Amino acid sequence: AHIVVALQSVVARAVDPTKQAVCSVTMIHGGEVSNVIPDQVEMQGTLRDLDPSVCETMYRRVREIVAGVCAAFGASATVELEGAYPAVDNHAAQADAVADLARKLLRREEAVSEEGLPMMGAEDFSEFLHKVPGAFWFLGGNEEKLNGWARLGAAGSRSNCMCHNTAFDFNDNVSPMAAVFFVRLVEERLGCSLYSEAELPFPLLEADGAPAWEGSGANGGKKQPAGPIQLPAGKKAK
1019 AHIVVALQSV
1029 VARAVDPTKQ
1039 AVCSVTMIHG
1049 GEVSNVIPDQ
1059 VEMQGTLRDL
1069 DPSVCETMYR
1079 RVREIVAGVC
1089 AAFGASATVE
1099 LEGAYPAVDN
1109 HAAQADAVAD
1119 LARKLLRREE
1129 AVSEEGLPMM
1139 GAEDFSEFLH
1149 KVPGAFWFLG
1159 GNEEKLNGWA
1169 RLGAAGSRSN
1179 CMCHNTAFDF
1189 NDNVSPMAAV
1199 FFVRLVEERL
1209 GCSLYSEAEL
1219 PFPLLEADGA
1229 PAWEGSGANG
1239 GKKQPAGPIQ
1249 LPAGKKAK
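For any residue, its number in the working numbering is found by taking its place in the sequence shown, counting from 1, and adding 1018.
Calculated directly from the structure, the hints in this document are not laboratory data. All figures in this text were calculated on a predicted structure; none of them were measured in a lab. We put the CB at the ideal spot given by N, CA and C, even for glycine. Mixed in with the good hints there might be a few duds.
[Said to hold, decoys possible] Estimated spans, in silico, between C-beta atoms of each pair: (1) Glu-1127 x Ala-1196: 17 to 23 Å; (2) Arg-1078 x Lys-1122: 43 to 49 Å; (3) Ala-1111 x Val-1022: 41 to 47 Å; (4) Leu-1203 x Val-1059: 47 to 53 Å.
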């Protein structure tokens, strides 16, 4: 318990206050029965940072604090620190391409936001970004803005929390939007046309949150009820 409390000083006292970092103990396993003090306890956690120098500082302080607290109580400890993924660093050209397409398809400037960035999540996609240019982005799944389609339960029943949360519930409503978005992104980047607007309309939302399509299909461009997106088979780029 003293180690858990002491580790909270890593970010508060050892990291530059202008930089971001996370040091959390998230797992504690020890003992088998309630009336026997265990011989050993295993603790696990996570360290997050956006700067290699911050990572080095946290590694050093974690080792020092664990060793010092254990020495004070006549105990010993083994500290194992394993590096996972580097920070996700988007490339400007690729990030701009995604943002421009989002504004085009959603027809709103505010469709793209940098609110909440940078984030302290860990993502293995960063390994790709350190090899080739690319961009990592999020497609919002807030149920307040996406009622209908595959919704489960009554309106407002979703938690709308981030993933890696015990209350997370994946919102299937965004899947059709994501499918069409990726197709259009491929077309934009490769300079080709795979599907017409009539063949593959982008799902839009009414002001009240009700889903609808807009397209130039059989209904003469009128809004149609939203539903699953089905990609025509056998199409070739032209």
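Hints and how they fare:
no. : hint                            : in the structure
1   : Glu-1127 x Ala-1196: 17 to 23 Å : holds, 21 Å
2   : Arg-1078 x Lys-1122: 43 to 49 Å : holds, 48 Å
3   : Ala-1111 x Val-1022: 41 to 47 Å : holds, 44 Å
4   : Leu-1203 x Val-1059: 47 to 53 Å : holds, 48 Å
Figure legend: structure checked against the earlier numbered hints; every hint is met.
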